[in-house]
Amino acid sequence: MDNFKNIIGVDLGGTNMRAGLVQNDKIIKKSACRVPVTDKSEEVTNALIATIEDVITPDVEGIGVGVPSLVKSGEGIVYDVQNIPSWKEIHLKEILEAHFKLPVYINNDANCFAVGERFFGEGKKFSDFVGLITGTGLGAGIIKKGHLLSDQNCGAGEFGMIPYLDNDYEYYCSGQFFQNFYNADGGKMARKAMDDDDSALAAFNAYGKHLGKAIKVILLTVDPEAIVIGGSVSKSFELYKEAMWNEISTHPFSFAIENLKIVPSNVEEIAILGAAALYIDAQSEID
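Counting along the sequence shown from 1, when you hit position 245 you're at 245 in our numbering, and nothing is skipped either side.
Among the hints, erroneous ones may be present.
In silico SDA-like links for lysine to any residue, alpha-carbon gap of 20 Å or less [claimed, not checked]:
1) Lys144 x Asn46
2) Lys26 x Val60
3) Lys235 x Ala202
4) Lys144 x Phe126
5) Lys88 x Asn153
6) Lys101 x Glu42
7) Lys235 x Asp197
8) Lys124 x Ala202
Ranges between beta-carbon positions, derived for each pair [said to hold, decoys possible]:
9) Arg34 x Ser150: 27 to 37 Å
10) Ser127 x Pro85: 19 to 29 Å
11) Phe253 x Lys29: 22 to 32 Å
12) Phe255 x Ala47: 47 to 57 Å
13) Met161 x Ala47: 29 to 39 Å
No wet-lab data here; the hints were simulated from the structure.
Because the structure is a prediction, the values reported are computed rather than measured.
All C-beta atoms, glycine included, are put in the ideal place defined by N, C-alpha and C.
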């Protein structure tokens, strides 16, 4: 990683867009703006370009962009971006490469999280792991043999969409769980649990059991050596860890979990760093 001096990482959310100038493992300059509320796609694209221009320097080597949508990653085409209704099909890689004359890599936010952990976080320790985001939704990126697993439309790792009970895993294993079943914000529920509130502790126990079931599905499909958990609910990891592991212990292949590691992310600004890591991952594959 020391060979990569300056890379731009972009976190494009449905409400805000943020760009950072990443030098080795640090963000040395940031810029942000609100996503324009408009039905004209080019206004959003122009705002994105302006946000990148705020942090770019002449020695930048490449740009990585994370988006909350499906992406045809090879071509860098994004589809149906959440909360940006004008972006139905945007050839973002082509647009940005034409403007900045730099290589651009685009992927969804879950894949950015995983590859960010691979180069900047807990994933440095593992060559095969899953980066699992437990936030507003439940999504994952898969690292195999040290690199982000290639797929066609960012569909690999969408474990949250798998049917489960009367809904899907996302309904039970993301931050939605606390709203769906307790009509409560997960952060407020965590604070109550930290104060030994019995109902809040029971909620996290139930959450951990559901997440453990989802992880067993991951083990049966991907069989990683580790899972790195990020997203807002990961901050409460200690509250549900025991219930999660109790459920995982019922996995039918006991040897598959003997050496499994499950750890929460501890990287600040992983969205920007993860987007920048798209470029590092692509270049390391070339090398």
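Results of checking the hints against the structure:
1. Lys144 x Asn46: Violated. Lys144 to Asn46 sits at ~35 Å, over the 20 Å cutoff.
2. Lys26 x Val60: holds, 14 Å
3. Lys235 x Ala202: holds, 17 Å
4. Lys144 x Phe126: At roughly 9 Å apart (the allowed maximum being 20 Å), Phe126 and Lys144 satisfy the hint.
5. Lys88 x Asn153: holds, 14 Å
6. Lys101 x Glu42: The hint holds at about 19 Å.
7. Lys235 x Asp197: Roughly 18 Å separates the two Cα atoms, so the pair holds.
8. Lys124 x Ala202: violated, 34 Å
9. Arg34 x Ser150: 27 to 37 Å: holds, 33 Å
10. Ser127 x Pro85: 19 to 29 Å: violated, 40 Å
11. Phe253 x Lys29: 22 to 32 Å: violated, 48 Å
12. Phe255 x Ala47: 47 to 57 Å: holds, 52 Å
13. Met161 x Ala47: 29 to 39 Å: holds, 30 Å
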